[in-house]
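Colleague: Fit chain B to the supplied structure of chain A, relying on the hints for placement.
Residue numbers (the numbering used here), protein chains in the order written: chain A, 1 to 353; chain B, 1 to 353.
Just so you know, the hints here were simulated from the structure itself, not pulled from any lab data. Even glycine gets a Cβ: it sits at the ideal position worked out from N, Cα and C. Treat the hints loosely; a few may be bogus.
Under the rule of at most 16 Å between Cα atoms (straight-line distance), these lysine to aspartate or glutamate pairs were calculated in the EDC-like manner [to be verified]:
no.: 1; chain 1: B; residue 1: Lys288; chain 2: A; residue 2: Asp117
no.: 2; chain 1: B; residue 1: Lys116; chain 2: A; residue 2: Asp238
no.: 3; chain 1: B; residue 1: Lys240; chain 2: A; residue 2: Asp117
no.: 4; chain 1: B; residue 1: Lys240; chain 2: B; residue 2: Asp260
These stretches of chain A come out as covered by chain B in the derived footprint (C-beta under 8 Å, 3 or more residues) [as the list claims (entries may be wrong)]:
no.: 5; region: 166-174
no.: 6; region: 260-273
Here is how the chains run, residue by residue.
Protein chains: 2
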Amino acid sequence: MRAARFHARNDIRIEDIPEPELRPGTVAIDVAWCGICGTDLHEYLEGPIFVPPAGHPHPISGESAPVTMGHEFSGTITHLGEGVTDLNVGQNVVVEPYIIAEDVDTSPGQSYQLSKDMNFIGLGGHGGGLSEKIVVQRRWVHPIGDIPLDQAALIEPLSVAHHAATRSGAAAGQTAIVGGAGPIGLLTAAVLKAKGLTVFISELSEARKAMAESTGVADEVFDPRESDVAESVRQRTDGKGADVGFECSSVPAVLDMLIDATRPGGVIVNVSIWGHRPEVDLPSLVLKEIDLRGTIGYAGDHPETIRLVSEGTIDLSAFITARIGLDALITGGFDELIDNNEHHVKIIVNPRA
Amino acid sequence: MRAARFHARNDIRIEDIPEPELRPGTVAIDVAWCGICGTDLHEYLEGPIFVPPAGHPHPISGESAPVTMGHEFSGTITHLGEGVTDLNVGQNVVVEPYIIAEDVDTSPGQSYQLSKDMNFIGLGGHGGGLSEKIVVQRRWVHPIGDIPLDQAALIEPLSVAHHAATRSGAAAGQTAIVGGAGPIGLLTAAVLKAKGLTVFISELSEARKAMAESTGVADEVFDPRESDVAESVRQRTDGKGADVGFECSSVPAVLDMLIDATRPGGVIVNVSIWGHRPEVDLPSLVLKEIDLRGTIGYAGDHPETIRLVSEGTIDLSAFITARIGLDALITGGFDELIDNNEHHVKIIVNPRA
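For reference, chain A alone in the conformation it holds in the complex (with noise of 0.2 Å):
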């Protein structure tokens, strides 16, 4: 079958590779759409991050580079391992695409996205997405009912947002600030829509902004070079500022605007992956009592997620911005979202095509 295959930096390949192979407690699956996530572009840019550097096996997977990439991916079930009596062939489902040590317990209520060696399908082995087929564990297997598949690719990137909507907290009637209107800033804030909050985004890009407010997730969009954007949230909030802020730029101005826009006691969401070690307003979160939380991953989000895209409160379909086939990753999919970033949401690619 075909995949794109992870070799070293600015090294993807599309190769033809054994079809993985069923076992007891597993089940597979034809992919229809594999999402390009910003962590892809990382490791096509920068890497290998997540991804173990050949030589140097990943310590739960065993494996290393190359490895099959695509983590944000939906599909339809074309056999069941042994053992798995719940699910049915012919069921189009998403994955949880976790890479975790088998003796951690990942039922409801448990932070499995915190143990050790904790990894992804897609980056530190087990297959990927972007290949025609993939096996994988009953337990990271959801089910989506009528969502289309297309949408569905979405629903990794939205449990991203889901959870780190959870982690801040935030509830139906607060107000929230959103740092930065790429893919997971635009999920976030429909996350926190579809809870009921009143949702300020901060984005300078003029296509982010067009895609905020056309998508409907911002009930207003603020531009740091037109105004003071914590000064315009406190005109709006009585002078107290946003409950819930989230960062999802990885720009420290953004993280400075946040602390100042975030009212005394608020708490702020890190969504976004630093490359660095910013400086950080300590000052300001100390005497404003802020609480600045980490958040990676999701942990037992997809449930709720879905049942959000598939009762119509989120629409997913805004988000895609483009469908391409498994040839054209790389020129239609890697190096489009390099030169034409902020025109795109999120691409889509069809491991079929």
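Modeller: Only chain B this time, still in chain A's reference frame:
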């Protein structure tokens, strides 16, 4: 009466000033002892910080430099203003030294420490503990029963520590790592021990390490020059790391260590006051889903803090390292804390001696 007054940086004078007037709703107190705080030192060396500079009156107190200093004090009630019926002349008390707007709700459970323009008695006006007498609003007066008045001068910083411990959500049976064994680090450790945690302290100074050991506030003291503190904490927690960390040093390397030493999903409370914006290891904070929480002052902490001392759970006498009269404030107080910082925890001042 005599009072220590902050005029400007490096200019604190012992002066004769009029006695404060009793007003309805207030309590007149003869000050017994007043501690010198790190904040006072900062004002002396780098101020004015909390002190409103001359010509820039504080919006609530209406005062600006010169102001009377001292916010860690105990004393005895001498007169009760009209309407104050639940206290008695002769009662020993401490003062929760806030300057907070009249209309702010300061009842239990309210986060009044975060209210607009909050400042402190002894810094922002309203008199101070480094004077013979003070008159304060009833709501800031807490009776101390038979706690000795010298020890009672430390109830204010102990309340800072209590508030920080509460902010962390620390619970009995958990493990804490405290970064820095200055006055606030030691008192934070004391509160954590009183709450039933296992407490580790990281400290460089020989004198402070000895104090952390002799006062019994730490189960173990680690010297970062001798070992990797985070690794030592992991070794003593089955590889997990501490549940809660406390930054009490304003040293970036200590914050780094805390992010390393605290377990995934753990909480770090920043108790120290930063004079600059440090680089923070956000990459690790994100991947470990750590909460970094600011804390400032106290809110509703005094009654519980007083109970811990009154019942003998915390012995504050061990933290008093010198007693001086008001005339010795600069030489025996401020200069001593600057020149022999690590040999002192708390120098207390008798403003009548």
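Colleague: For Lys240/B and Asp260/B, compute the direct alpha-carbon distance and say whether it is at most 16 Å.
Modeller: 11 Å, holds
Colleague: Taking 16 Å as the top limit, are the C-alpha atoms of Lys288/B and Asp117/A close enough?
Modeller: Holds, because 12 Å separates the two Cα atoms, which is no more than 16 Å.
Colleague: Keeping to a limit of 16 Å between CA atoms, is the pair of Lys240/B and Asp117/A held or broken?
Modeller: Since the Cα atoms of Lys240/B and Asp117/A sit roughly 13 Å apart, the hinted pair holds (cutoff 16 Å).
Colleague: Establish whether the coverage given for the region 260-273 of chain A by chain B is satisfied; the threshold is a Cβ-Cβ distance below 8 Å, and no fewer than three residues must meet it.
Modeller: holds (count 5)
Colleague: Quickly compare the C-alpha distance for Lys116/B and Asp238/A to 16 Å and report which way the hint goes.
Modeller: 13 Å, holds
Colleague: Three residues or more, CB to CB closer than 8 Å: is that satisfied between the region 166-174 of chain A and chain B?
Modeller: Three-residue rule not met by the region 166-174 of chain A, so violated; n is 1.
The structure is inconsistent with hint 5 alone, although it conforms to all the rest.
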